[in-house]
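Colleague: Chain L is already provided as a structure; the job is to place chains X and W on it using the hints.
Going down the list, the sequences are from chains L, X and W. Final position of the first sequence in the working numbering is 619; the numbers increase by one with none missing. Final position of the second sequence in the working numbering is 1023; the numbers increase by one with none missing. Final position of the third sequence in the working numbering is 1282; the numbers increase by one with none missing.
If you're looking for bench data, these hints aren't it; they were derived computationally from the structure. Mixed in with the good hints there might be a few duds.
[Claimed, not checked] Dumping the calculated DSS-like pairs for lysine-lysine here, alpha-carbon to alpha-carbon at most 27 Å: (1) K991/X with K130/L; (2) K740/X with K945/X; (3) K945/X with K130/L; (4) K1052/W with K1102/W; (5) K1133/W with K1089/W; (6) K1133/W with K305/L; (7) K571/L with K555/L; (8) K1102/W with K504/L; (9) K142/L with K842/X; (10) K555/L with K142/L; (11) K504/L with K1095/W; (12) K571/L with K945/X; (13) K130/L with K842/X; (14) K669/X with K571/L; (15) K994/X with K142/L; (16) K504/L with K1133/W; (17) K555/L with K1102/W; (18) K739/X with K1017/X; (19) K1078/W with K504/L.
Next come the chains, spelled out residue by residue.
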Amino acid sequence: MGFFIAQILTGLANASALFMVASGLSLIFGVTRIVNFAHGSFYMLGAYVGYSFMQVLPGAWGFWTSILLAGLVVGVIGIIVEMLVLRPVYKAPELFQLVATFGVILVIQDLALLVWGADDVLGPRAPGLKGIIRIMGEPVPKYDLALIALTPFVAFALWWLITKTRMGILVRAATQDREMVGALGVNQAWLFTGVFFLGCALAGLGGAVQLPKGGADLLMDFNILSAIFVVVVIGGMGSLPGAYVAAVLISVLNVFGVNYLPQSTLALMFVVMVVVLIFRPFGLFGREEVAGEHGQVGEPERPIKPAGQTARMIVLAGLGALAVLPLLGDSFTLVLLTDIAIFCLFAASLHFLLGLGGLVSFGHAAYFGGGAYAAALLVTYAGTPMELALILAPLAAGLTAIIFGWVCLRLTGVYFAMLTLAFAQLLWSLVFQWGDLTGGDDGLVDIWPSEWASGTTTFYYLAMVLCIGGIIMLRHTAHSPFGYALRAARDSQRQAEATGINTKHVQWVAFGFAGAMAGIAGGLFVFSKGSIFPNELEIARSFDALIVVFLGGVKTLAGGVVGGAALEGAKDYITRFEYWRLLLGLLIIFVVIVAPDGIAGTLRKWAESIGLMKREDQA
Amino acid sequence: MKRKTFLKSLVGAAAIAVAAVGLPAFAQETIKIGEINHYKRMAAFAGPYKLGIELALEEVNAAGGVLGKPLEFIFRDDQGKPGEAVKIAEELMTRDGAVMLTGTILSNVGLAISSLAAEKKYVYLASEPLADAITWEKGNDYTFRLRSSTYMQAAMLAEEAAKTDAIRYATIAPNYAYGKDAVAAFKKALTALKPDVEFVAEQWPALFKIDAGAEAQALERAKPDAIFNVTFGGDLAKFVREGGTRGLFEGRNVYGLLSGEPEYLDPLGDEAPEGWVVTGYPWAEITDGPGKLFVETYVARYDDHPRIGSLVGYMTVQSIVAALEKAGSTDGEAIRAAFADLPVSTPVGDIKFRAIDHQATMGAYVGTIALKDGKGTMVDWVYKYGGDYTLPDEEVMKLRGSGN
Amino acid sequence: MSAVLEVQGLSKAFGAIQALDDVSFDLQKGELLALIGPNGAGKSTCFNMLMGQLKMSSGTVKLNGKSLAGLKPRQIWRKGVGRTFQITGTYASMTVIENVQMALISHHRKIYSFLVRAHLMYRDAAMELLALVGMQDQSERHCAVLAYGDLKRLELAIALAHDPMLLLMDEPTAGMAPKERIALMELTAQIVERRGVSVLFTEHDMDVVFAHAHRVMVLNRGQLIANGSVEDIREDARVREVYLGGGTLFNHDGESANA
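In isolation and in its complexed conformation, chain L is listed as follows:
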């Protein structure tokens, strides 16, 4: 009994920081609809800033003041980020802002490295709370009890702020109906800034408050990210009580998992999330998203048209250039272009879902990595030749997508996105954990192309044929009745259903198709690298594709490919510098601000304005 209570107390103490960080994320999403990928970075900053204050402020007084100051400072940093980075892109298409926040992650990573150095920092212990108290014979750290006691105060303060102050009333109103608040004459920009301050300050507090239980290191930002997303989704996006209940639920379950199912540490959280979303599609305390909340923001997408005569000529010329490139001799250029082409196909397959279908998948890596692992497993265990493996990879990926899609498509909007993320994480943890089959994180190696294709040049041609073929196929499908039906389901599901289109079915098929195309990319990837590791299934991989699609232009047919080529190319160059993450982050933020329609979309507008292309409605 005593042990049981001690476990619950440990869970409750762990829930404390998690709740603070997650409630900040939830608040920001609820009001601004921004999915703030950088929230983990603010948490990390909170830990570092808190640590720095604790070095100069002595005693118990200094300790607690440092935690408060960390919250304040991080909140102010949040304001700076909001004003400089996010304000210019509020009018951009939905979810575009997440690209900007991704840039912020990179910048903060390098700045933290510059300021605090590479060594992990061990957090100071809380003065006066260093020991333990025995509860029914079990040792319970005093600081754990302090955290358990502290959390309700933070929650209560938030509750007071939200229900009793003018800002809180506006926040609640905005969470329910953004347009309404705008119509009431409230300065939305300052409301957003205020919410960003509050959200980031909470993340900073969370980071500082956990210092005595750990410390600060440069990996904290990504390490907490999936946990807080899970908490926010389980609790219900935008719901503070939900965030608290979910944080406690996850933390306590984790403690029991550690004790009774020690191997469960990777997957448990995501299993809980999938189960909750299946039974409560909008989280424990969330509301159904009101139509209009995720309607198209910004100007509507233009009609798609087949390439004109000149366009075709230029494409052909480009293909010709790619075809003769091996004659120029530099074999690394071929390796690089193979990489880029594979990534472009991957991005194009996500763009098909996201751009045409309006289906924001946060877990597209599941199908890229799924295809890759399918090929690798076939080669490793069945001695399958490359040719057959390349055919089976998309089938396996497509099948995976069909299974995952069947569940995910029961939800819409951000919840759909989160469920795709959860499934991708489940697949990742399966591959990671099932070491006997998959090699765990030591991966599967020695998977090289068949003899005839093993030369760099031959493989380059093979990859080009398959990737460009795949991209053309995706593009062709966009112009086919199926592609139109997919857009119809996105533009007006009601009208589509009322004219005989089974929209869920269309979306399901599209999900499977996009998964299969990602599978081709994955299959090629294995043979180009000779090995596969679980990181190709990671959140970061999914984010890569997501960033690229937004950066290239969601509302432009070529967006995925343009973004993929531009980012992979830029990365290859930039990563040569010491502080390449800072550089890349700033570059991404820059592109986001000057090209809110994505690279392809903005280039098109620019071409129109100088008369290179016909403007809309002049046809």
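Modeller: For chains X and W alone, coordinates are given in the frame of chain L:
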């Protein structure tokens, strides 16, 4: 209308741009080594490692270089992605004119590069990754490894553990391949030495996401006599603090793999867990010989003490220089042949790259953690020679299978 | 003459609230039937059940003698029922003609075609439908830049794409200028005449109703209180009571008062 043109022209433009920037003229006067590492996210290890390399390079080049040419390392960040590392390796070898590859702290990157090395016939010295598979199950003709492997270091600790009365063991290791390898190796080596031990709990926290309070509770519940720890970095700090606070380590022997490395011990400050028996690098306690000389040189050069990474970096350069000199040329096959049974004199003494499995006999320091001046250090340490802690030759041959 | 649509005892309860109570009516071929009533009378509930968006609590709905019970909107559409929405639902990212082509593609069951180009399909049929609603000159325009009245006409063309025998129009003239209202209803009347399609529509604007409907039904608090010719309804005491008693004039809408 012309949207599609952008896509193609951008691919083309990217290709041209890359081709243009990536081709600075190389005068053929230096010998280049391609070094790939996780400089960003594992900077605590990779930073000192790079300094160690640069220190050795300065010494080598001041003494006239190798084969009459200066030695040059090209450092590249792998972003922690094996796929990225493979691309960079190709670039280093085919465009930058590197004669061989080295580096990779992460085991998975090491395995990926190792496989590439075999396929493309590039010589690869895995300086840092610990995975046993690199020289055993997945070993190949072109891959060599400097550091003592997971098995070797775990076996050293098992030897210490076997000397005590402890029977009931609990293990805690990060839930990934290195952790699993280490626990398996420790179990195997300890059971061989002392068949009556039992393993009463195995805890597997997610890497860098440890829930230390819960893990400490779970270990306490099993009431073990001794604990084998494989956690490191931030996980180690949290585990030490929670375990210490809750009295988990009182009256128990704790064996910590890598826990004595300055990279992980320094951040613990005065909370370093006294009494743990660990592998690591007691730089401050080495009082004579080449080991002392290295520490002094390093401190003089950088005004900072060396970490284990510094030592490995330094020894990496020494190994490569020895191989190049023995080969007498920069030809890949010649370098490969030179590595077989290659002797190298290093700060830890003489080591040899075994012909049988391409593993160097670099050992590890085993000692007990103690506090001195509010900082953790290793006392009562011994240097255990790596060659004594490997598997019997037949088993190694069986593991390498057709690989050799 | 057999009825195109037969509705018997249609009821819907939301908890304790009886939104629609035992409503029965039929609709003949070529008839333009208006369904009116004050806000909350149950018009939308009735419409949504006819289209399969709401489950009926009890009652039967038959199209040409066949039951529509339990069918989804898209299945009901396949049986030959078209509809327009109070808030237009068009595909904003497509051109005008593509909107119509989409409906035609669906009608011909070609949605799962991957190899053909959609914008080349059924162009002539689509142009014909656009001509029918007077939108042929705007066929290549981007749907998102259309004026509201044009959107309504486009939606009508979409609804006619599968040559429906029954057309359900929910507040077809809501939000339109008076002139546009008259034009749209005249167009609808023409289509009814030319194509022999039956139309059931709800409407707020009594001028529109009285000018064009062949027959009018009045709903109040979920019950059908009158069903007859325009003249009958004008004179019906209960109807007058519902509207006047509720303080609502027939010409309540300022815009249409002087039409």
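Colleague: None of the hints should be skipped; say for each whether it holds.
Modeller: Verification of the supplied hints:
1. For the hint linking K991/X to K130/L, the alpha-carbon distance of about 22 Å falls within 27 Å, and the restraint holds.
2. Distance check on the hinted pair: K740/X and K945/X sit about 19 Å apart at the alpha-carbon level, within 27 Å; holds.
3. Between the alpha carbons of K945/X and K130/L the distance comes to roughly 58 Å, so the proposed pair goes past 27 Å and is violated.
4. For the hint linking K1052/W to K1102/W, the alpha-carbon distance of about 15 Å falls within 27 Å, and the restraint holds.
5. Between the alpha carbons of K1133/W and K1089/W the distance comes to roughly 26 Å, so the proposed pair stays at or under 27 Å and holds.
6. With a CA separation close to 20 Å, the supplied pair K1133/W and K305/L stays within the 27 Å bound.
7. A threshold of 27 Å between alpha carbons decides the hint, and for K571/L with K555/L the separation of about 24 Å falls inside it, so the pair holds.
8. Restraint check for K1102/W and K504/L: the C-alpha separation of about 20 Å stays at or below 27 Å, so the hint holds.
9. In summary, the hint linking K142/L to K842/X is supported, as the alpha carbons are separated by about 23 Å, within the 27 Å threshold.
10. Simply put, K555/L and K142/L have alpha-carbon atoms about 55 Å apart, too far for the 27 Å limit, and the pair is violated.
11. Pair hint K504/L plus K1095/W holds up; C-alpha atoms about 13 Å apart against a cutoff of 27 Å.
12. A C-alpha spacing of about 38 Å is found between K571/L and K945/X, which places the hinted pair above 27 Å, so the restraint is violated.
13. Simply put, K130/L and K842/X have alpha-carbon atoms about 24 Å apart, close enough for the 27 Å limit, and the pair holds.
14. Restraint check: the Cα-Cα separation between K669/X and K571/L comes to about 23 Å, which is no more than 27 Å; the hinted pair holds.
15. At most 27 Å may separate the alpha-carbon atoms for a hinted pair to count; K994/X and K142/L meet this at roughly 25 Å.
16. For the suggested pair K504/L and K1133/W, the alpha carbons sit about 16 Å apart, so the restraint of at most 27 Å is met.
17. Proposed proximity of K555/L and K1102/W is contradicted: the alpha carbons are some 35 Å apart, above 27 Å.
18. Between K739/X and K1017/X the CA atoms are separated by roughly 25 Å; this keeps the pair inside 27 Å, and the hint holds.
19. A threshold of 27 Å between alpha carbons decides the hint, and for K1078/W with K504/L the separation of about 19 Å falls inside it, so the pair holds.
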